[in-house]
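So the protein lines, in turn, are chains A and B. Residues 476 to 890 (the working numbering) are what the first sequence spells out, left to right. Residues 134 to 242 (the working numbering) are what the second sequence spells out, left to right.
Derived from the structure by calculation, the hints contain no laboratory data. Heads up, a few of these hints could be off.
EDC-like mimics (lysine to aspartate or glutamate), calculated; alpha carbons at most 16 angstroms apart, straight line [what the hints assert, rightly or not]:
1) A:K875 / B:E209
2) A:K688 / A:D701
3) B:K182 / A:D705
4) B:K197 / B:E150
5) A:K629 / A:E788
6) B:K182 / B:D168
7) B:K182 / B:E235
8) A:K875 / B:E150
9) B:K179 / A:E720
10) A:K607 / A:E630
To give an idea of the interface, some chain B residues facing chain A are shown, with a C-beta separation under 7 angstroms as derived from the structure [as the list claims (entries may be wrong)]:
11) K160
12) R161
13) G165
14) D168
15) F176
16) T205
Everything numeric in this text was worked out from a predicted model, so none of it was measured. We put the CB at the ideal spot given by N, CA and C, even for glycine.
Spelled out, the chains give:
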Amino acid sequence: MKRYSSFAIVREAFRNHSGWKKAWESPIPKKKYDVVIVGAGGHGLATAYYLGKNHGITNVAVLEKGWLGGGNTGRNTTIIRSNYLQDPSAAIYEKSRSLYENLSQDLNYNLMFSPRGVMMLAQTEHEVRGYKRTAMANALQGVPTEYISPEKVKELCPIINISGPRYPVLGALWQARGGTARHDAVAWGYARKCSDMGMHILQQKEVTSIISKNGRIGGVATTGGDILCDKLCIVVAGHSGALAEMGGFRLPLESVALQALVSEPIKPVMDVVVMANTVHGYMSQSDKGEMVIGGGADGYNNYTQRGSFHHIEETVRSLVETFPMISRLKMLRQWGGIVDMTGDRSPIISKTPLENCFINCGWGTGGFKAIPGSGWATAEMVASGEAGPLASPFSLNRFKEGRFIDESVAAGVAH
Amino acid sequence: MLLLNCPYCNLSCEETEFQAGGQAHLKRQSVGSSDQEFESYLFARKNPKGVHFERWQHVNGCGKWFHIARSTVTLEIFGSYSAQTLSPPKQIRVNINKKLPEWRWESSK
C-alpha cells in the first residue's frame with residue numbers, strides 16, 4: 476500500500492495522477508477463514524481492523540451484500556459525541572470519540588474529523604434537569620462536558636432563536652470535543668487498511684443461511700458459494716433480525732426507518748452541531764455548506780430505507796422555529812436508513828446461543844459515533860471468545876437479567 | 134404516509150391519526166412465568182422482513198386499539214381487524230396469500 480501524503484499529491488500532480496492504486500482489493504474468496512464478519516459497514520470493518528491491529532488475526536473475510544459502507548454508515552448525520560448518562564455507554568462512546576481524534580493518522584486516511592463541539596439544547600424544565608444530571612455524571616466518568624446558559628448558546632451559535640415562542644432555549648449540554656467526521660471516509664479508511672493487512676473484503680456476497688453443527692458455527696452460505704469459518708461475527712444493523720433467524724435465535728430488536736435530509740449549500744452560518752431532542756431535530760453544516768438535518772424515526776417496523784413524509788414536516792417545522800433563518804432554504808435530498816432499536820436503546824455486543832458466533836447490533840439511531848470503539852470492543856470479544864470490560868455490560872443476557880443500560884430517557888430519539 | 138382503516142370507525146385515515154403499538158398477538162406473561170418467558174414477552178420480537186402483524190391505536194379518533202397486517206418491505210396493508218382475537222381472521226390471511234402465496238401464519242411463541 477502506498478502511503479497518502481502531501482508529498483504523494485505533489486508527485487502525482489506531476490504525472491497526471493496515474494500512480495494512485497486501488498484503495499482495496501476485490502480478491503477471489505478462499506474456502507475457509509479464521510473469522511468471517513458479515514457486514515462491511517463501519518462497525519464490521521472496524522472490527523476487522525482491530526482484529527488485525529490489536530490481536531494479530533488477519534485471516535479474515537468481511538462479507539457485504541451490497542457495496543461497502545452503503546448502509547447506515549453512508550446514511551447518518553455524522554455526529555460524534557460521548558455525553559451519555561450511564562457509565563457503560565459513556566465508557567464505550569468516549570473510547571470511540573478518543574479513537575476518532577487520531578484515527579486519520581492511524582489509518583493514513585483523511586476522515587475530516589472536526590471536533591467543532593456538540594450542543595444538546597434544553598428546551599423544557601425536564602431537559603434542564605436531565606442535562607444538568609448528565610453533566611454531573613460525565614464529570615464522574617471523566618468525559619469533559621458542561622451545562623451552559625442560553626446566552627452562551629447564542630454566543631456559540633448566533634443563528635439560534637433562544638426565545639422561541641413554543642420552546643425557548645433554557646440552556647444546553649455542551650461537549651466541546653464532540654463534532655463530525657466524513658462518514659464514507661471512515662468505511663473507506665478502515666477498508667483500505669484491512670485490505671492492506673491481507674483481509675478479504677467481499678462485496679455483493681449476501682449471506683443466505685448460516686451453517687452450524689451441534690450448536691457450533693461452521694460457516695455461511697452466500698450468493699457466491701459457501702464460506703467456512705472458525706468464528707462468525709454478525710454486524711448488520713437493521714438486518715440483524717434476519718441473520719439471527721438464520722442462526723435459529725431471536726433478538727430483542729425492532730427495525731425502523733430513520734431519515735435525514737440536506738439543504739442546498741449556503742455560506743458558513745454555524746460551526747457547531749446542534750441537537751434539539753424535544754422537537755426531534757438536529758442540524759450541522761457540512762464542509763460543502765449543506766445544512767445536514769436529522770429527524771425522528773418512524774413509529775413502526777419498516778425495511779424501506781425511506782421514512783414517512785410527515786416526519787420530515789415535523790422536523791423541519793420545529794427546526795424553523797429554533798433556526799428562523801433556514802425557513803427559505805430549499806432541501807436537496809432526503810433519505811432513510813434502517814436502524815435496529817433495542818428496548819433500552821443501548822447496543823448489543825455479545826456472544827449468541829450458537830458457539831463461536833458473535834453479534835454486534837442494536838446501535839439504533841447512534842451507531843456512527845461508536846464505530847471505532849465498537850470495533851475495538853467487538854474485536855476483543857471475537858479474538859478471546861469472551862467480552863472484555865467495554866463490551867461485557869452490553870451482553871444479550873441483560874434483557875433476561877433485567878440489567879438494562881437505559882439510555883432511552885437520557886438520549887431520547889436523537890443520538 | 135400510510136392510509137389505515139379503523140375497523141371501529143370504518144374510516145380510511147392518514148397515519149398521523151394513529152399511533153403504532155408494536156407486534157400484535159403476544160401472549161401476556163404474568164405471575165408464575167419463567168424469566169425466559171418474561172424476556173420473550175417483553176423484548177424478543179419477530180421483526181420480520183415481510184408480513185408483520187401489529188397493534189395500532191386510533192389515537193386522534195375513536196381511541197380504540199386494533200390490529201393490522203402490513204408488509205414491512207412494501208408498506209402494503211393487507212387489512213385491519215379487531216384486537217379481540219388470538220390470530221388474524223381468515224379474510225386477512227387470504228388477502229396476504231393473494232400477494233404472497235408462500236406465506237403461512239405462525240403464532241408467536
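Evaluation of the provided hints:
1. A:K875 / B:E209: Given pair K875 (chain A), E209 (chain B) is violated - Cα atoms ~34 angstroms apart, limit 16 angstroms.
2. A:K688 / A:D701: Since the Cα atoms of K688 (chain A) and D701 (chain A) sit roughly 15 angstroms apart, the hinted pair holds (cutoff 16 angstroms).
3. B:K182 / A:D705: It is violated: about 28 angstroms lies between the C-alpha atoms, which goes past 16 angstroms.
4. B:K197 / B:E150: holds (12 angstroms)
5. A:K629 / A:E788: With a Cα-Cα distance of about 25 angstroms, the restraint between K629 (chain A) and E788 (chain A) is violated, given a limit of 16 angstroms.
6. B:K182 / B:D168: Violated, because 28 angstroms separates the two Cα atoms, which is more than 16 angstroms.
7. B:K182 / B:E235: holds (14 angstroms)
8. A:K875 / B:E150: violated (35 angstroms)
9. B:K179 / A:E720: holds (9 angstroms)
10. A:K607 / A:E630: violated (20 angstroms)
11. K160: violated (14 angstroms)
12. R161: violated (17 angstroms)
13. G165: violated (17 angstroms)
14. D168: Holds, because the Cβ-Cβ distance from D168 (chain B) to chain A comes to roughly 6 angstroms (cut-off 7 angstroms).
15. F176: holds (3 angstroms)
16. T205: Check passed: Cβ of T205 (chain B) comes within 5 angstroms of chain A, closer than 7 angstroms.
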